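Just need the whole structure built from these sequences, with the hints factored in.
Here the numbering used here runs 4 ahead of the position in the sequence shown, where the first position is 1.
None of these hints come from the bench; they were simulated from the model.
Please note that a few of the clues may not be correct.
Between beta-carbon pairs, the in silico distance windows are [as the list claims (entries may be wrong)]: (1) Thr74 with Asn153: 16 to 26 Å; (2) Pro124 with Gly168: 29 to 39 Å; (3) Gly163 with Pro77: 25 to 35 Å; (4) Pro180 with Pro75: 14 to 24 Å; (5) Gly54 with Ser146: 23 to 33 Å; (6) Pro166 with Gln39: 37 to 47 Å; (7) Ser97 with Asn153: 15 to 25 Å.
Because the structure is a prediction, the values reported are computed rather than measured.
Glycine is no exception: its CB is placed at the ideal position from the N, C-alpha and C atoms.
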Amino acid sequence: MRLLLPSLRSRRVAVASHLAAVALCLPLNTLAATQPFMAGAPYQGDVTLGVVLPDGRTHTKTTHGSIAFTPEPNQTDVVQMVMRADESDAGASSELILFGTYEDGGWHTLDDVIDVQVQPNGQIRGTGDDDDKQFLFSGTGSATRLQLNKEILLVTEQGGAPAGTRLTFSYTLTRP
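Okay, structure coming up:
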């Protein structure tokens, strides 16, 4: 009795041709890892800064701002969300950096104090509570536009601002 076994070479060709056939049936975007919409160049544009005192008095000013999602050096799975508002007249800036990660087409913080989620559909939501501040985030985003509202409620008096003061940052940003 003679047993016929296919050669090793013919198995490789058969396996390779089957893999090629499967690959042709899949959409091309499933073959390569895709980045979430917020990855890439920074969003830039206007940010309206607001101070709302407990007695109702308000002060607002529009200046330049940006939001970037930047990989953390030496930590491949950590991505910073850097929110910046430049106060050019005073030569100062406001910056908040949150550490998070991309997951399932979105981004979320890796923080116990502030929880922010950027969903794959562009919805942005978040809250936070530390000893002397409460945070609220809401907005929408896409590959070319990002609208984010960030509110910070001062629970205690800070820097001359009384407890109950709200600091607001309304970002209206774009990128090419």
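Do the hints match the structure? See the list:
no. : hint                           : verdict
1   : Thr74 with Asn153: 16 to 26 Å  : holds (21 Å)
2   : Pro124 with Gly168: 29 to 39 Å : holds (36 Å)
3   : Gly163 with Pro77: 25 to 35 Å  : holds (31 Å)
4   : Pro180 with Pro75: 14 to 24 Å  : holds (20 Å)
5   : Gly54 with Ser146: 23 to 33 Å  : holds (25 Å)
6   : Pro166 with Gln39: 37 to 47 Å  : holds (44 Å)
7   : Ser97 with Asn153: 15 to 25 Å  : holds (19 Å)
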